[in-house]
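Novice: Sequence:
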Amino acid sequence: MIEYEYLTLDQVVTIHDSKFKCSFNENLLASAVGKPQASFMGYERYPTLLDKAAALLIGLATNHAFADGNKRTAISCCQIFLYINGVDIDPTLDDEAIANFTVRVVEEKLPHEDVVQGLAKFYGI
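Here the numbering used here is used: the first residue of the sequence shown is 1, the next is one more, and so on.
Be careful, since some hints might not be right.
Simulated restraints, written as ranges between beta carbons of each label pair [as the list claims (entries may be wrong)]:
no., residue 1, residue 2, range
1, Q11, E44, 30 to 40 Å
2, P47, G124, 36 to 46 Å
3, E26, T92, 29 to 39 Å
4, F40, Q117, 22 to 32 Å
5, F40, L93, 15 to 25 Å
6, G42, N100, 15 to 25 Å
7, G42, P91, 37 to 47 Å
Just so you know, these hints were derived from the structure itself, not from any lab. We put the beta carbon where it would ideally sit given N, CA and C, even for glycine.
Generate coordinates for the entire structure from the input sequences, incorporating the hints supplied.
Specialist: Here is the structure:
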């Protein structure tokens, strides 16, 4: 079994607060941050790195734990999560395309598998 590094609640708050200063709902945030680690009876709900990254992105972007900046925080945390787990993040990535994708995740309620495929495309995984 692969051991993944996960972001903590405090790390996500720090990432958010580097761009925004506003209140948040700790329960909603804890749910979103813990989503990539979800399991049932010993089986991981999100077994692959991209599954976990998608779960984190969806959770942070759609739970609306912060008063502002949920989607941008979700993007940043997703990229950091991928990076700390060995994915090289290309600094020339199209930030606008990633932002638009994240808006689609929220507004269109994209299925998990579509988010996985989108992340695979953006990050070349």
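Novice: With reference to the structure, classify each hint as holding or not holding.
Specialist: Structure-based check of all given hints:
no.: 1; hint: Q11 - E44: 30 to 40 Å; result: 21 Å, violated
no.: 2; hint: P47 - G124: 36 to 46 Å; result: 20 Å, violated
no.: 3; hint: E26 - T92: 29 to 39 Å; result: 36 Å, holds
no.: 4; hint: F40 - Q117: 22 to 32 Å; result: 24 Å, holds
no.: 5; hint: F40 - L93: 15 to 25 Å; result: 34 Å, violated
no.: 6; hint: G42 - N100: 15 to 25 Å; result: 38 Å, violated
no.: 7; hint: G42 - P91: 37 to 47 Å; result: 39 Å, holds
Consistency note: the structure conflicts with the earlier hints numbered 1, 2, 5 and 6.
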